[in-house]
Amino acid sequence: MNELMQLLSNDFLPKFLAGMVVNFEIAAIALVIGLALGLLLAAGRLSGGVATAVTVSIISLMRAAPTFVVMFFLLNAIPRDATLFGAPFALSGVMTVALSLVPYSAAYVADAGVDSLRHLRAGTTHAAFLFFPNVTRAFFVMVMSSSAGAAIGVTEGITVILRQAEQLQSFDDRLVLFALGIVLFGIPLQAGFMLMSLFQRRFGRSTVEEEASA
Amino acid sequence: MIAVIPRAKPEGPLRPRERSVAALGMTGLLFRAMALIALVVGLASFAVGPSRAETPDAALAELLAHARAKVPAACTQANVDRLIKILCGKKIRVGIRDYYPLFATRAGDKREGYEVDVALAIGRMLGVDVDFVRVNAATRIPLLAEDRIDLAIATMGHNTQRDGQARFIRPHYYRSETTVVGPRELPVVSMIDLAGRTVCVTVGNGSNAELVSQGARLMLFDEAGVLPDRLKDQTCTLAAQDDSFFAKYFTDADFNARYFQKFGFAQVPWGMAVARQGSAALARALDLISQIFHRDGLFIDIGRLHSIRLGFLRQQQEVWRTPECNTDAGTANPKCVLPPLNTALQPTSFAAGVTTFEQWVEDGTGIDLTLPMLKTAPAWSLFRDGVFYSLVLITGALAATLAFTLVLGWAMGSRTFLLRWPARLLTMALQSSPIVLTLVIAATIAHGLFALSTETVLGAAIAALGLANGANAGQAVGEAMWSLRAEGVHGGLFGRALNRASTQIVAFLVNAAKGTPIASFIGAPELLSSLTDITSFSSGRITTYSILLIFYTAVVMVVVWLCGRLRLVLEQRQAAA
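Chains A and B supply the protein sequences, listed in that same order. Be aware that the first sequence starts at 1, since it is given in the working numbering, and climbs by one per residue. Be aware that the second sequence starts at 1, since it is given in the working numbering, and climbs by one per residue.
Bear in mind the hints are in silico, worked out from the structure with no lab data behind them. None of these values were measured; they are calculated from a predicted model. Heads up, some of the hints might be wrong.
Chain B regions said to be covered by chain A (calculated; three or more residues, Cβ under 8 Å) [what the hints assert, rightly or not]:
1. 108–121
2. 226–238
3. 328–335
Every beta carbon over 12 Å from chain A, so not counted as near; a handful from chain B, in silico [to be verified]:
4. 90
5. 136
6. 341
7. 381
In silico negatives: residues of chain B with every beta carbon more than 10 Å from chain A [as the list claims (entries may be wrong)]:
8. 72
9. 160
10. 187
11. 266
12. 284
13. 348
14. 374
15. 448
16. 456
17. 552
18. 571
Just so you know, even glycine gets a beta-carbon here, dropped at the ideal spot from N, CA and C.
Given only the sequences and the hints, what does the whole structure look like? Please build it.
This is how it looks when you write it as structure tokens:
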């Protein structure tokens, strides 16, 4: 335990917090791209005809694509000297992880977007606004999923914990460190989910009232 | 006895390229001194060693004398041996690398490094100038075949595959190995200490498979150049790469103070090479020269000047000083020379058909399809195992998710405080732990309790995936039980709760299937791990990872379809109830 305390007394917390910022950064990038792509897909799904069939297929594929495999695909399929419209297109580790989350993000936004647009058309505005807490929930899921970056050397929160764990000899110390990691990850996550639940409950109540009055 | 030694070129001043030796302190005076020592050693060994006709020195002198006797008459003849051409032109064209620290670097006209000085020493032995020609890993063998260089000294590992493309000079002039580098204080001394640890490597490194087989997790990088920086910024705790690559970094005092070469493995002898056609006499001369350089310690002296590791060279000196090897037939003696690294992979029985198919696709579509997993027996075996273990993992993860859903759902829906709260706390902890961390915790506990094996890793991965997803689905079941109670339902509560939570159960079953590739992070031998291993010794990364993506996406879609059927059954049951 002394070894653990010594390790933690150094610069573990600042490093971990910096790592968590990377987790949030990855999730934010994935969400922004996912919003743009997902809303397009949602519009395509509601447009009818062939566009709907094509969009539904694309969304199903995106939903089924495992993030971790997409990440390794991007890492290996895009050459380091690749260019896009003449500009260098080499992906950083952070961008690779963020892009690997885009299929999930876009499919989620498309599903939530379709629901929201249907509510808007039906005139149930409050129900349509549930889109925002749903998307925020997806954001927190992606914060957690971004820890996959540990496999390709992205210095995010879990990477910091694993590096510290490798310095520890004692089995017990490692488990204590992992438990600490769960607590540190859990605080913002549980707080975020609680806020979303509160928000959803309020909107849910308003939605019921709105639907009753409609 | 005649000692054939490095000697000063008889005509003209040193050329700029040759001055690199002088710049390093190896002046003509040094060569003369070494020549004198070699002469004395040679005379001494003549007194106690094999007879004159059997020494490599005599054999080399005789070979060169014979070749020189043909000059200039044979200079205009076609198809003469390259040795004659070199003697006629009074220069040897040596293919060398431009940037390989400590071995061959170039700054303007100035070349430095172990290989540069070896080339110059060979030029002196033959009595000719050295013309350096820039080569890289891709061009060094083609340039030999195209007669644009006479000799390649270019950090080239001698393996059975290359043996068919060039004539390698033996004895080998160096031997590299994959070295594992890490912080000095880290207690890693051998392969067995790597189990469960992450090692940073480059994609395509031939020794990756061996690291994986020892239970190490690999972190892949495209280029070796980033590894020292990743060690310094602690992205990597350990890095594995060719020791010749790390040699330069260990000359840096700061790096050397912080890091240590823990151990080495996967040794590869480096060979100079000449063309397979028309170079028999040149190859024989170079064999003998290399033999003499080892015996007389010239390779060691040059190596010391450039701060490369000398262990192999010292070992070789011992070998070539033995009476058994110090003969003109020593280079043909299997007890004296090292075999090439055996990299020949047994083809599958259908490899030819696969090649035909690849060609057919390329001809028809222009797509460069490469299917390395189907062409060689080891790759095919890895691929089959990967698919099998992936299916085991997915099936296991689905079963475990369902099992933990039932157990934790029942506990969380229980009226008993002692059952409900531990289940809730466990669920909260699992929800707060990213799946990577949950997997690592499961693997750490499994390694602490059981010996490392495929079954242990698979078991840990299945348990982690099942717990992570089962906790979430179980929470939905528990909440459904409480909501049913609130509605006044009492009979068949658990079954009804399962029906009510069917959407969430299905969602987390799909999530468990999608999450299975992450198990490769803790060393589970599923398809992602297998294909990463395959790409470490073969080409076709894009095709390989495309196949991986298609495989997992297809499997998840099948799981989605099956879960959809399950949900339908549950909903029908609910409607009937």
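- Interface-negative label, residue 341 of chain B against chain A, beta-carbon threshold 12 Å: Correct as stated: the minimum Cβ-Cβ distance to chain A is 26 Å, above 12 Å.
- Query: For residue 266 of chain B, is the shortest beta carbon distance to chain A beyond 10 Å?
  - Reply: Residue 266 of chain B clear of chain A: closest Cβ-Cβ about 22 Å, beyond 10 Å.
- Query: Minimum Cβ separation between residue 348 of chain B and chain A greater than 10 Å?
  - Reply: It holds; residue 348 of chain B is separated from chain A by about 23 Å at its closest Cβ, greater than 10 Å.
- Item | Per-stretch coverage check for the segment 226–238 of chain B, three Cβ contacts closer than 8 Å to chain A | Coverage by chain A holds here, the residue count being 6 at a Cβ distance below 8 Å.
- Check the non-interface label on residue 72 of chain B: least C-beta distance to chain A beyond 10 Å or not. It holds; residue 72 of chain B is separated from chain A by about 49 Å at its closest Cβ, greater than 10 Å.
- Query: Was residue 456 of chain B rightly flagged as not at the interface, with every chain A Cβ beyond 10 Å?
  - Reply: holds, 15 Å
- Item | Non-interface claim for residue 552 of chain B, where every Cβ of chain A lies beyond 10 Å | Nearest chain A Cβ is 5 Å from residue 552 of chain B, so the label is violated.
- Item | Reported absence of residue 160 of chain B from the contact zone with chain A (all CB gaps over 10 Å) | Holds, because the least Cβ-Cβ distance between residue 160 of chain B and chain A comes to about 27 Å, which exceeds 10 Å.
- Could you let me know if the closest chain A CB is still more than 10 Å away from the CB of residue 374 of chain B? holds, 18 Å
- Message: Would the non-interface assignment of residue 90 of chain B survive a Cβ cutoff of 12 Å against chain A?
- Response: holds, 42 Å
- Item | Coverage claim, chain A over the segment 328–335 of chain B, checked by counting residues with Cβ within 8 Å (three needed) | Answer violated; 0 residues pass the 8 Å Cβ test.
- Query: So is residue 381 of chain B really clear of chain A, every C-beta pair being over 12 Å apart?
  - Reply: It holds; residue 381 of chain B is separated from chain A by about 21 Å at its closest Cβ, greater than 12 Å.
Violation of the numbered hints given earlier is confined to hints 1, 3, 10, 15 and 17; the remaining hints are satisfied by the structure.
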